[in-house]
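Enquirer: This is what each chain is made of:
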Amino acid sequence: MTGTMNLAAEVQQASGVASMAWLLLVLPAFGAAVLLIGGKRTDKWGHLLGSATVIAAFVYGVVLFLDTKSLGAEDRLRDVHLFDWIPVNALDVEFGLRVDPLSLTFVLLITGVGSLIHIYSIGYMSDDRNRRRFFAYLNLFVAAMLLLVLGNGFVTLYFGWEGVGLASYLLIGWYQDKDFAATAAKKAFLMNRVGDVGLALAIFIMFKTMGSTQYDVVFAQIGNQSTATVVSIGILLLLGACGKSGQFPLQAWLPDAMAGPTPVSALIHAATMVTAGVYLIARSSPLYSLPQAEDARLVVMIVGAVTLLIGCVIGCAYDDFKKVLAYSTVSQIGYMILAVGLGPAGYAFGILHLLTHGFFKAGLFLGAGSVMHGMNDEGNIRRLGGLARKMPITFVTWTLGYLALIGFPFLSGYFSKDAIIAAAFSEGGGRGWVFGGIALLGAGLTAFYMTRLLILVFLGKPRWENLKSEDGRAYHPHESGWTMTLPMIVLAVGSVGAGAILSGILPEWLTPSIGELVEEHGPLSHTLIAVLTVAISAIGAATAFVVFGRREQPVTRPARVSFPVRAARADLYGNHLNEALFARPGVWLTRFLVFVDNRGVDGLVNGIAAGLGGSSGRLRRLQTGFVRSYALSMLGGSILVIAALLMVRFA
Amino acid sequence: MTPTYYLLLSALLFTIGAVGVLVRRNAIVVFMCVELMLNAVNLSLVTFARINGSLSGQVMAFFVMVVAAAEVVVGLAIIMSIFRTRRTASVDDSNLLKY
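One line per chain: the protein sequences are L and X, in this order.
Going by the numbering used here, the residue at position 539 of the first sequence is 539; the numbering climbs one at a time, nothing skipped.
Add 1000 to the 1-based position in the second sequence for the numbering used here, that's all there is to it.
Please note that a few of the clues may not be correct.
Examples of chain X residues toward chain L, derived with CB under 7 angstroms [what the hints assert, rightly or not]: (1) V1021; (2) L1022; (3) D1092; (4) Y1099.
Sample of chain L residues with no beta-carbon within 10 angstroms of chain X, all distances over it, derived [unchecked claim]: (5) A56; (6) K69; (7) T183; (8) F204; (9) E552; (10) R560; (11) R599; (12) A644.
Distance ranges between label pairs, derived from CB positions [to be verified]: (13) L:R621 - X:M1080: 30 to 36 angstroms; (14) X:V1067 - L:A609: 44 to 50 angstroms; (15) X:A1077 - L:L640: 31 to 37 angstroms; (16) X:L1012 - L:G636: 26 to 32 angstroms; (17) X:E1071 - L:V641: 36 to 42 angstroms; (18) L:A609 - X:T1015: 43 to 49 angstroms; (19) L:L645 - X:T1015: 16 to 22 angstroms; (20) L:L645 - X:A1077: 31 to 37 angstroms; (21) X:V1073 - L:G636: 28 to 34 angstroms; (22) X:T1015 - L:R621: 27 to 33 angstroms; (23) L:R621 - X:Q1058: 45 to 51 angstroms.
Keep in mind that the hints were calculated from the coordinates and are not lab data.
Positions of the beta carbon are idealized from the N, C-alpha and C atoms, including for glycine.
If we strip away everything but chain L, and leave its shape as in the complex, we get (with noise of 0.2 angstroms):
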């Protein structure tokens, strides 16, 4: 367990294809730029570029993927200078890209998905009459994304962090006239913003220790460093990763988020920015490999173990599709945490989880849109129900999905989880029966909520012929048109093969970057982790068969309900909590601050003017106008000079 070999693969200048790397970024900001400048001259065709655009970059990182594979795995870490870019004295900040496996796995996840999501908005926006600003709100962030991923220093991925941060801003509050998703945005925002000030306090250590904020010089560095520094970049890295992620304390933005149109939710809150802050951890490998920072790993732990259990005792409790996906998406990013807290035995599996997460729950967003697309955007799923015989593709694929999710045997989740859960037990000891522990338990809540939702949405009866939607419209459920079925047939071949392919290759594929995996053996083996998953997710998912599946479902929730649904419900008192610990004495700091400012500060001025003004009113009477009185003053002050000066001469 120590740094020095990630640094075995030394990194070289890029030649040949990998030096047009900064095509990658130019594409998707070229077309955000056109769409954008453009206006309603675009509107005809601007969906069609901002796809095409996306589409390329994809192609682009095959072709680079391909060129990376051909090296040898010494050669594959690369960098690409591009310019100066603050070079200030000591400061000398490099724009440049790193070209290794580990952002060429982001970018292909990025692309590839997000290509897909881009043609799926094709159809799901077609009713919209500002598609092509949603175009290029998505290029804009698929280019910051990029930019995150391949910056080969802390400045470049902070540049694309806060690029991200406000497409996020942008997307989530696209119904802008619609007060939640106003307020959703600015929520996200802020939100983001408290784990934005951690990555920027971070960067400002490592610039005042190691004197750079470049990867291989912090990296190469970062060894010679006191524990208190280690611990403390470690965990403001951590806290920029909880706010980018959604992670505990600041898990409350993401479920807000799904206020955005369906698509933004699939690509940028469940498959690629909220991954982001897995993506730091993994990228800071080198600091969190270190010996030193023991501590800031059991925090990333912790952290990780915590939401993972959060969003899953929520997401049984909400009866809004879109919103039980987002806390499940908490949840698992809760797993990629908990596997990149592990250490050189968990980077590989956490960005394994990422990339088949991002494969099922892309899919599973798509089809929940695909669903609220044909349902007239009915999101609560209790006013659903049966929909499986009238959307046939989105149900075949969304299960899919879901199988993945819950960790079917042989489809992407069952390889990730489980690789993460038997990860964590073989943390050792205490610490490894918790972990472990806590990783099994959500695994069988995962079974329990995803099955719920899709007894009550897809199975059962359909509960929704006797109603009519908010805005009086009879429900006319039908299958979704090509351009929205053809990304999610394409995702849900994903979800199926991606973690078999991948499990086998990734590891080695991502050494170079991240470091050789270390398998370590804990107290199960790892056949019976693997039996004891599937066996738990069995007994959640037969569990919410027997207690959803039997009985119908009422159309509105239950009002009467026990403690801990009360609680689930209220996102287990997670806004009350950020109400009553930073929004209620924030309110309180201001107010007194006005008041100290009103009273104070404005109170000191003006008095002293008025003290002023009125002693000098006083003065004036003085200035009688009578001749003989200022006689008198002249006399009385002669002889008062007279008597000093006498005084003076005789003392």
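Chain L is fixed; fit chain X onto it per the hints.
Expert: Showing chain X alone in chain L's frame:
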């Protein structure tokens, strides 16, 4: 012939002049009191010149007289114009220049 008497007379004249300036209201009388004070000072200048056997004090007295004469010209002209506009020479009534 002790100079003390001259100095005492000078002090007495100055005091009368000063009190006159302070208590009298008629501008002409005030003016005359000012002249009295100037001349009291002249007297003491001359006396001190005599005591010290130097001429500079006496020369100084001439200067004071010249300046006093010029002052009388300007001062009386002002008093005249005030009297013409306000039909009074009381210094207490000319109190417009105040707060």
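Enquirer: Measuring Cβ to Cβ, find out whether R599 of chain L lies farther than 10 angstroms from everything in chain X.
Expert: Check passes; 33 angstroms lies beyond 10 angstroms.
Enquirer: With d taken as the least Cβ-Cβ distance between K69 of chain L and chain X, does d exceed 10 angstroms?
Expert: The claim holds: K69 of chain L sits with its nearest Cβ about 95 angstroms from chain X, beyond 10 angstroms.
Enquirer: Given a hint of 27 to 33 angstroms, does the C-beta separation of T1015 of chain X and R621 of chain L actually sit inside it?
Expert: holds, 30 angstroms
Enquirer: For the range 36 to 42 angstroms, tell me whether the beta carbons of E1071 of chain X and V641 of chain L fit it or not.
Expert: About 22 angstroms separates the Cβ atoms of E1071 of chain X and V641 of chain L, which means 36 to 42 angstroms is violated.
Enquirer: When you take the CB atoms of L645 of chain L and T1015 of chain X, is the distance between them in 16 to 22 angstroms?
Expert: Given range 16 to 22 angstroms: holds, Cβ gap about 19 angstroms.
Enquirer: Beyond 10 angstroms from every chain X Cβ: check whether that's true for A644 of chain L.
Expert: holds, 19 angstroms
Enquirer: Regarding A1077 of chain X and L640 of chain L, is the given constraint of 31 to 37 angstroms on their beta-carbon distance met?
Expert: Since A1077 of chain X and L640 of chain L have Cβ atoms about 33 angstroms apart, the given range 31 to 37 angstroms holds.
Enquirer: Go through the hint on L1022 of chain X and say holds or violated, using the shortest Cβ distance to chain L against 7 angstroms.
Expert: holds, 6 angstroms
Enquirer: Is the nearest Cβ of chain X still more than 10 angstroms from the Cβ of F204 of chain L?
Expert: holds, 61 angstroms
Enquirer: With d taken as the least Cβ-Cβ distance between R560 of chain L and chain X, does d exceed 10 angstroms?
Expert: It holds; R560 of chain L is separated from chain X by about 81 angstroms at its closest Cβ, greater than 10 angstroms.
Enquirer: Holds or violated: 45 to 51 angstroms for the Cβ distance of R621 of chain L and Q1058 of chain X?
Expert: Given about 46 angstroms between the Cβ atoms, the range holds.
Enquirer: Given a hinted range of 43 to 49 angstroms, is it respected by the beta-carbon distance of A609 of chain L and T1015 of chain X?
Expert: About 47 angstroms separates the Cβ atoms of A609 of chain L and T1015 of chain X, which means 43 to 49 angstroms holds.
Hints 16 and 17 from the list above are not met by this structure, while the remaining hints are.
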